[in-house]
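K.L.:
Just so you know, the protein sequences line up as chains C and A, in that order. With this note's numbering applied, the first sequence corresponds to residues 1 to 281, in that order. With this note's numbering applied, the second sequence corresponds to residues 1001 to 1275, in that order.
These aren't lab readings, by the way, just hints derived from the structure by calculation. Here a beta-carbon is modelled for each residue, glycine too, at the ideal position from N, C-alpha and C. There is no bait here: all hints are sound.
Here are some chain C residues the structure puts well away from chain A; computed CB gaps all over 12 Å:
(1) E51
(2) L57
(3) V78
(4) L140
Some chain A residues near chain C, calculated using beta-carbon distances under 8 Å:
(5) G1018
(6) L1033
(7) S1043
(8) I1093
(9) L1096
(10) L1125
(11) I1127
(12) S1130
(13) A1134
(14) M1237
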Amino acid sequence: MEASGRYGRLLLTPIAVIYLVALVAPISFFLVMSVFRYSALDLWIPTVTGENFARLLGESYHRAIIARTLKIALLTSVGCLALGYPLAWYLARTTSAWRGVLMFLVIAPLMTGVIVRTYGWIVLLGSEGTVNSVLRGLGLIDRPLKILHTEAAVLIALVHILLPYMVFPLFAALAGQDPDLERAAHTLGAGRARTFLEVTLPLSRPGILMGSALVFTLTAGAVVTPALMGGKDVQMLGQTIYELTMSTLNWPLASAVAFLLVLCQLTILLVYFRVGRRRVA
Amino acid sequence: MSPDSPVVGPARASGRTGRLALGAVVTAIYVFLLAPVAIIVFSSFNPTEANTFPPTGFSLRWYAKFFESAGFVNAFRFSLWLAIVAAVVATAIGFLTAYGLVRAGRRGQGVVQSLAMLPMMVPHLLISISLLLALLVVPVPDLAALVIGHVVICLPFAIACIVASLEGIDAQLELAALTLGASRLRALWEVVIPLVAPGLLSALLFTFMVSFGDVYIALFLSGPGRTTLPIEIFAYMQWESTPVVAAITSMQILLIIALGLVIERLVGLRKIMRV
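Next comes chain A alone, as it looks inside the complex (with noise of 0.2 Å):
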């Protein structure tokens, strides 16, 4: 330390301390993000029924035991179905609420994107409730209604992907397609779809993860019969907690960290949460 910085070195220092009590506070909150997730992928394993930690042994019985349940599976199947139902319908509105945003948007746009973004906004509980109150009114088939509350959590999430990729290509692109007699239909076909290809898979399977993991819309949508499996298991963990539930909800962590990379590779999931 030279005596001419006295202001520099105790700075510097006390610089140093706080940037490693920085440190230890954000290791210690990723602890506590990551650690029940984690949890679960260890007692999955688990031999014995209680919890211990450090695991006993190591067996796969568990998740026999899963694929030994018809209740499970046939959720399981369910969710599959719902999802990509959701995943592929909300991707279409999606596509076309984002597309009408970015490329004709006028002042407004901002509102509306806002407004786009209303399912977000409002409680899950609040859409699914009304909706269950609106099938007691009008006579709808119960399924259509699960199906319509999945699509709507899913828009807003479909929206952002959608517009991430759409405002990272050029305008003129489209442009140019129409300038050279192109139909606006065959422009948005053969232009606009093509480079937004990116940001359309990752809308499908970011809204794919969304309904397969939502409790809300399903908790009082769905019946006998069309039992989700976030239900399913809502249903089971108020009687017991076997490691199957482990075993389900790993296999269920295992799938949506695979999509999440796919999307991160896609678009990146920081500019998709950000919009």
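Chain C on its own, in the form it takes in the complex (with noise of 0.2 Å):
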């Protein structure tokens, strides 16, 4: 077995190597670099300073950010999460020659890409676009709504785009039950009510965190979608990460900010471990 385990480590160096030298050691530095100082000559210096992180929550310019990325970022896992549950719970169930079909039609949009998705909502929801051409059409308003450009329009399309990784996890969940349970808290006299209350609901847990726990951490880090769909009225702090580097170069807050991202999405893993392996076992 030894020949066969030296054979699977050099199998494995390849990924390894890629790891580490383009993810962790790139984002290890891009991270350690939000204690260093802002210099608009050097563009850092590496000293350890907490200036970064006391301008990014004294500023109440950008606490209003954190604090709508994070209302954000809430609102989208709960909007995922209630149009993902029924959804998975469907395709979890059913017995329907189309189910095949169904998983297809979750993925496929997935598949192609953030822009295509943007756009579809923009076309929708401009203020020359189909809701607004339609709800003009049958007389019920003057002028054009103002959709776009609001935080509703961001939530929206974050919600559509990142549905498919909530439907994903939860689907696993669910379909990995046993079928038996269900039938036996009903035979021991639960109501449908109470069988999902207390047997489907807690059993999905570790698929509702996950899913959860995703969602949450690809919004706090989207850019394109507020972009485009909130400009500059609904600014998130994707977008601060992106000017920060790209115009203003003050790469040390940049890297602030996304700490703050990476703090959030690892209290919310350790929730995920603590809580959801908890339970379960």
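Now that you have both chains on their own, put them together as the hints suggest.
P.N.:
Printed below as a string of structure tokens:
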């Protein structure tokens, strides 16, 4: 077995090298940058300082963006859960011959890329978009509603774009359940609602947590969708990072923002492993 | 309804309304999921600039406009090139990794496999920006960073496809080849690779789609003359939004759906997504 172990290590070498060089090392360096001092001349001075975090948490401009990002990330997770749960439950329980096709229809939008789907929402929600022309055609409104460039528009598009990330973990959790458990609850006299609340729902908890964690992180790091759907009016942390590195060239502050995002993600993952595993075991 | 079963009757009726309600909810969710994609295809054939609905006619002028625009055509070509390179490299490395995980796997397989999925758990924004920073410190050509970035985000998908395919083949076959005196390399080339060919092909197609649709890596790492299609569209959309974009994205949707269906036939998308 010794030879087999060495063979295995050899096979895993390329990916280990690539991840170390192109993922772990650059990200670590970028995050360390958050304690460096910003300098207009040298870009950064490698000393330890807390001024980036102080600025980030001290200035009301940044505090407002942080609060909005957390709010939209939370609402997107809730929205994805509300839409994703019935969908995942249906896909896990249905015996329909169309199940494969229905699964494909959930995955297909995911594969078209973020730009394509965001553009679809612009066409639908723009001032000359489908929703406004239908409402005007029906005589319900005289002037086009301002939907684009609002938080609601960002939220709708993000829920749509991230929904598949919620459905997969939920589907895995629901499809993996032993159907006898639900049957047993029925036999023991529990109604549909009680069976769902006391058997199905608790058992799908890892899926709920995993999906929510994924959606929350992906929302917090979104740039393109908030930029196109929200414009300057609905700025989120992702756009702040983009501007800080691409136009202001303040790498240390950008790094502090990213550090905050990573901290959020780690907290959520920790909750996932603590809460999710405890209940199931 | 027989009088002997007073409980079953109402329960069955409420079950039926419950099912109907669930059906309605699920249908509504599917409409929500597919409407933005469908509307793009509709508006790409619109003869006027405004996205009127229902469409006032049928026209291919926006498709013609796309092929006349050098910026979009060049970006399309570059995206195609990048996606092919990233797909081939990611599939090759992904195969070694998946094979290492499944065949030479020990107790740590679960942990290693989770680590291999790392780029899926990290926001792509963070990967991309860190690579850009690395470029400021280490002198590497920008293009190399873009390719490596794409390979990194493609790898989890390649590994998932190939692991799904490898798990379906009998490990005894390879063992038999080895027992009969084949070298490891020969067993790999003549037994394992032909058997996982569908998995390799779907890994190629899947990673092609991931790379072709990517915005975040290219947002930071593409430069003048090396703009990918999504970035070209993003830049264009910040100023104006004519149905040219609809025409381009419609072609992309068509391409993606075709590739997706091929993968579905080869390995089954569900098996891949569950890994």
